[in-house]
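Participant: Sequence lines, in order, name chains A and B.
According to this note's numbering, the first sequence is numbered sequentially starting from 1.
According to this note's numbering, the second sequence is numbered sequentially starting from 1.
Think of the hints as simulated: they come from the structure by calculation, not from any bench.
Don't take each hint at face value.
Calculated Cβ distances over 10 Å to all of chain B for the following chain A residues [to be verified]:
(1) Gly-145
(2) Asn-150
(3) Asp-201
(4) Thr-222
(5) Gln-226
(6) Asp-228
(7) Asp-230
(8) Ala-242
(9) Asp-249
(10) Lys-253
(11) Gly-258
(12) Ser-261
In silico lysine to any residue, SDA-like type, Cα no more than 20 Å apart, as pairs [what the hints assert, rightly or not]:
(13) Lys-257/B - Leu-269/B
(14) Lys-250/A - Phe-176/B
(15) Lys-253/A - Asn-92/B
Under 10 Å between C-beta atoms, here's a sample of chain B residues computed to sit facing chain A [claimed, not checked]:
(16) Ser-91
(17) Phe-98
(18) Tyr-308
(19) Gly-341
(20) Met-358
(21) Leu-362
(22) Phe-410
Just so you know, even glycine gets a beta-carbon here, dropped at the ideal spot from N, CA and C.
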Amino acid sequence: MRKKLLTMPIVAALLAIVLSGCEPLMVLNPKGPNAETLSNTIILSIITMAVILLVVYLLLFFMLKNYRASKMGADYEPPHEAGNHKLEIIWTVIPILIVSFLSVVTIYTTDKVEKKPEGYGNKEALVIYASSSEWKWHFSYPEEGIETVNYAMIPTDRPIEFRLYSFGTIASFWVPQLAGQKYAMADMLTTIHLAADHEGDYWGRNSNFNGEGFADQEFTVTATKQKDFDSWVKDVKASEPALTEKEFDKLLKPSVVGRSSYSSTHLSFSPAPMDHKDMMKADKYTESKKGSKTSDQTEHDMDDMDEMDK
Amino acid sequence: MTLEILFSPLKEPLILGTAIGILVGGIAMIAGITYFKKWTWLYKNYFTSVDHKKIGIMYIFVALIMLFKGGIEALLMRAQTAVPQNKILDSNHYNEIFTTHGVLMILFVAMPFVIGLMNVAIPLQIGARDVAFPRLNLLSFWLFLVGCALLNISFIIGGSPNAGWTSYFPLAGIEFSPGIQNNYYAWSLQIAGIGTLATGINFVTTIIKMRAPGMTWMKIPMFTWSCLITNVIITFAFPVLTVALVLMTLDRQFGTKFFAMTDGGMDMLWANLFWVWGHPEVYIVILPAFGIFSEVIATFSRKNLFGYGSMVASMVIISLLSFMVWAHHFYTMGHGVLVNGVFSVTTMLIAVPTGVKMFNWLLTMRHGRITFTTPMLYALGFIPIFTIGGVTGVMLAMASADYQYHNTLFLVAHFHYVLIPGTVFGLLAGYHYWWPKMFNFRLNEKIGKVGFWMIVVGFNVTFFPMFILGLNGAARRMYTYSESTGYAPLQMLSFIGALVLVAGFASLVYNIYYSIRYAPRETNGDPWDARSLEWATHSPVPEYNFAIVPQVSQLDEFWYAKKEGRDLHAGKIEDIHMPNNSGAPLWMSVVMGLLTFFFIFNQFMIVIPLAVITLLFMAYRSFEIDEGHHIHAHEVEETERRMRGDR
Numbered sequence: 001m002r003k004k005l006l007t008m009p010i011v012a013a014l015l016a017i018v019l020s021g022c023e024p025l026m027v028l029n030p031k032g033p034n035a036e037t038l039s040n041t042i043i044l045s046i047i048t049m050a051v052i053l054l055v056v057y058l059l060l061f062f063m064l065k066n067y068r069a070s071k072m073g074a075d076y077e078p079p080h081e082a083g084n085h086k087l088e089i090i091w092t093v094i095p096i097l098i099v100s101f102l103s104v105v106t107i108y109t110t111d112k113v114e115k116k117p118e119g120y121g122n123k124e125a126l127v128i129y130a131s132s133s134e135w136k137w138h139f140s141y142p143e144e145g146i147e148t149v150n151y152a153m154i155p156t157d158r159p160i161e162f163r164l165y166s167f168g169t170i171a172s173f174w175v176p177q178l179a180g181q182k183y184a185m186a187d188m189l190t191t192i193h194l195a196a197d198h199e200g201d202y203w204g205r206n207s208n209f210n211g212e213g214f215a216d217q218e219f220t221v222t223a224t225k226q227k228d229f230d231s232w233v234k235d236v237k238a239s240e241p242a243l244t245e246k247e248f249d250k251l252l253k254p255s256v257v258g259r260s261s262y263s264s265t266h267l268s269f270s271p272a273p274m275d276h277k278d279m280m281k282a283d284k285y286t287e288s289k290k291g292s293k294t295s296d297q298t299e300h301d302m303d304d305m306d307e308m309d310k
Numbered sequence: 001m002t003l004e005i006l007f008s009p010l011k012e013p014l015i016l017g018t019a020i021g022i023l024v025g026g027i028a029m030i031a032g033i034t035y036f037k038k039w040t041w042l043y044k045n046y047f048t049s050v051d052h053k054k055i056g057i058m059y060i061f062v063a064l065i066m067l068f069k070g071g072i073e074a075l076l077m078r079a080q081t082a083v084p085q086n087k088i089l090d091s092n093h094y095n096e097i098f099t100t101h102g103v104l105m106i107l108f109v110a111m112p113f114v115i116g117l118m119n120v121a122i123p124l125q126i127g128a129r130d131v132a133f134p135r136l137n138l139l140s141f142w143l144f145l146v147g148c149a150l151l152n153i154s155f156i157i158g159g160s161p162n163a164g165w166t167s168y169f170p171l172a173g174i175e176f177s178p179g180i181q182n183n184y185y186a187w188s189l190q191i192a193g194i195g196t197l198a199t200g201i202n203f204v205t206t207i208i209k210m211r212a213p214g215m216t217w218m219k220i221p222m223f224t225w226s227c228l229i230t231n232v233i234i235t236f237a238f239p240v241l242t243v244a245l246v247l248m249t250l251d252r253q254f255g256t257k258f259f260a261m262t263d264g265g266m267d268m269l270w271a272n273l274f275w276v277w278g279h280p281e282v283y284i285v286i287l288p289a290f291g292i293f294s295e296v297i298a299t300f301s302r303k304n305l306f307g308y309g310s311m312v313a314s315m316v317i318i319s320l321l322s323f324m325v326w327a328h329h330f331y332t333m334g335h336g337v338l339v340n341g342v343f344s345v346t347t348m349l350i351a352v353p354t355g356v357k358m359f360n361w362l363l364t365m366r367h368g369r370i371t372f373t374t375p376m377l378y379a380l381g382f383i384p385i386f387t388i389g390g391v392t393g394v395m396l397a398m399a400s401a402d403y404q405y406h407n408t409l410f411l412v413a414h415f416h417y418v419l420i421p422g423t424v425f426g427l428l429a430g431y432h433y434w435w436p437k438m439f440n441f442r443l444n445e446k447i448g449k450v451g452f453w454m455i456v457v458g459f460n461v462t463f464f465p466m467f468i469l470g471l472n473g474a475a476r477r478m479y480t481y482s483e484s485t486g487y488a489p490l491q492m493l494s495f496i497g498a499l500v501l502v503a504g505f506a507s508l509v510y511n512i513y514y515s516i517r518y519a520p521r522e523t524n525g526d527p528w529d530a531r532s533l534e535w536a537t538h539s540p541v542p543e544y545n546f547a548i549v550p551q552v553s554q555l556d557e558f559w560y561a562k563k564e565g566r567d568l569h570a571g572k573i574e575d576i577h578m579p580n581n582s583g584a585p586l587w588m589s590v591v592m593g594l595l596t597f598f599f600i601f602n603q604f605m606i607v608i609p610l611a612v613i614t615l616l617f618m619a620y621r622s623f624e625i626d627e628g629h630h631i632h633a634h635e636v637e638e639t640e641r642r643m644r645g646d647r
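Just chain A, with the same shape it has in the complex (with noise of 0.2 Å):
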């Protein structure tokens, strides 16, 4: 009876991993340098967990099978315990290790997956813009000057950027094989890098709940050879209509699309908003606010906010 209170959550884990079947867990099955990185952070702390874990169950154990009412004779009585010093350093020292070896993990790792991937040689990240809008996601190739929607098209063996950015509510932009998640949010812009080492279809969605058509807020990124890559956007460019203005705020509004492709981006009638960094500095922050431009901010203006809600 008390040792099933130990072995419920084990029984538990294993049914439920049986049910999930062979298939590798998404998270756990990294495609590229960025999700492995988070991969890789996430197996080790699963183990330094699953040993305090078996500390605390052996502990208890010990306890339960030797300090039974049952098994201490009628007339035992405990003795009187304040406590015991050396022990109350052990169990608060070794946490306190394990929590700052951690902790420099996590800075490491966290730092690693902020900056561009290494091992790509010189090649310069592409950049897209991830735009959100009630239900759907927007790819924007400034270079290339084609947009897409619900689905992008990245080349292998590249860095890529991710700006992130919002026409309305949060979103949060997720390809757990590729990166983990960042908000793209209406007031300022959040970057991701990643890169895809194979080839494939990436399932990605945003995972921060935004209203009624949320569940369906998914999108593929689909990693091919950059020769590929840019066979696919001399066809958008030459056989896909330009996205006009109108068009554009029709696509706004709050719906579930399915994939569309421009020959052209939203980015020229409507630009992104400023980068996080340059927004926390308050004089640039309040001076674009009163609208007065200096040369290097006209493209991240916040006014032009007040029109992109039009």
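Got chain A sorted already, so can you dock chain B onto it with the hints?
Facilitator: Positioned in the frame of chain A, the structure of chain B alone reads:
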């Protein structure tokens, strides 16, 4: 506004069913009370009573009812997601249900249950006759109930809030959530929050000022210590909620732009304010549970608590850290490595004092004499299951890894693994433990234990699969998913677990019924052979708590007095000064309830006179002279004789 819009939620069969259920239940209750002619009795003995024990019982009663409402909502969510593309609920209803489930379980189940047990036990544990501000205490209860009623009414009139219990802007703003649904959120939390803030101040004062003679700081029972720290956190954290909700109301109802996307507003400011309150709130509901476990484990190991000093110190440290971790709820908003790093470290540090407590509980059992009563089972179940919640908490604290867990079912699994074995098991342990102090019989042990096992099994089967689902990319708050995701088998397993869990909770109610009918009445105020002062007086406790206030010279005074055969209550019985009952808190809360209700619907012409009446109530109170009353020594002696005679 036409009536049609007002009652439009009733067009949905599910909502209509709920409405009818509430109506029938309510009518049955009112009819029952009328039939047995209990209205006057209830009004005199409960609704207007400033007695902390009765207020505690009312809190717990409401908490249990709300637990069932929240539980049914949970079951509906699990039923909806049990199979892919299910059609039990549509998106909007699912959103309403997970929103109210969160608000309800945290603010109208965990909080009143915690505050109810505090009311029942704290004045008794410290040898006081009541709390410091008895009438304020009653006002706290009624304000809480008004907030609770508003949230429940929303289902029938106007529609429930549907932007998540976190109600992030801009989603919860007027642009994306037009209509009055989310006004309910702001006002229901606001009014209940004010009540809670008053409770916080009340109990901090009570514990600081009203302890029995000789009970110095390090002789305070651990539950009272945990509640002192909890109430200090309440006093610091709830004003943040109050202000945030005022800003929300201004934004939603008066067109300001604090959290807007334009004109200098910042949507993430809401998230920050919400979690500056929200994270300490988590500790507000967990620390009292830690206190209960300390009492229960010591009592049923027949041993003093191991490492008393470090138990207190660790709670103080947890309370300080609880205010320094709020940003870990949104690592993903893109602040740099430095900010995320700092918040990761402070968050992980909480594991250290929590670990200290865990080991202290384990070592309390060493050399003990463990008996497996129902409250002890909950305490023992807490240790292995809560540890899973704790270690996954450390995993989530790591900012980089959190980029993959955030907003997924992994997170949902984690916080249920903390809140259920922590808070809920703690509250259930306290509920079974103090029940014979509230009433004069114990709950049936056999039914209690069966219920425990159903809850443990059901809980793990419901929530463990969510860890796996989360790692497989399942986001939280999704009303449906496609077959191709592969979530279906584990979601179904989770639903089956939820059924068992609900059956477990239902057994609690059956146990009340069974025990009222069949449990032997206690002849002794100390059925568990326990250690702290609340067990030194009779059960049920007389109005004045202790005929003679006990003298304290050490921790667990009552235990040692029992062992040494000392009488704790030596001395002469004198007149006892007690506070008067009052109907004012009830009626003032009714007026404030109507005020907030019409405020929600922007009916300011009705709001203004109601606000004037509220102010008049306050003015009346400030000029009122109420010296309380005395229970005369001979009456006390008679009561004492009668109570002893019952034995």
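Participant: Among the hints numbered above, which are violated by the structure, and what are their numbers in rising order?
Facilitator: none
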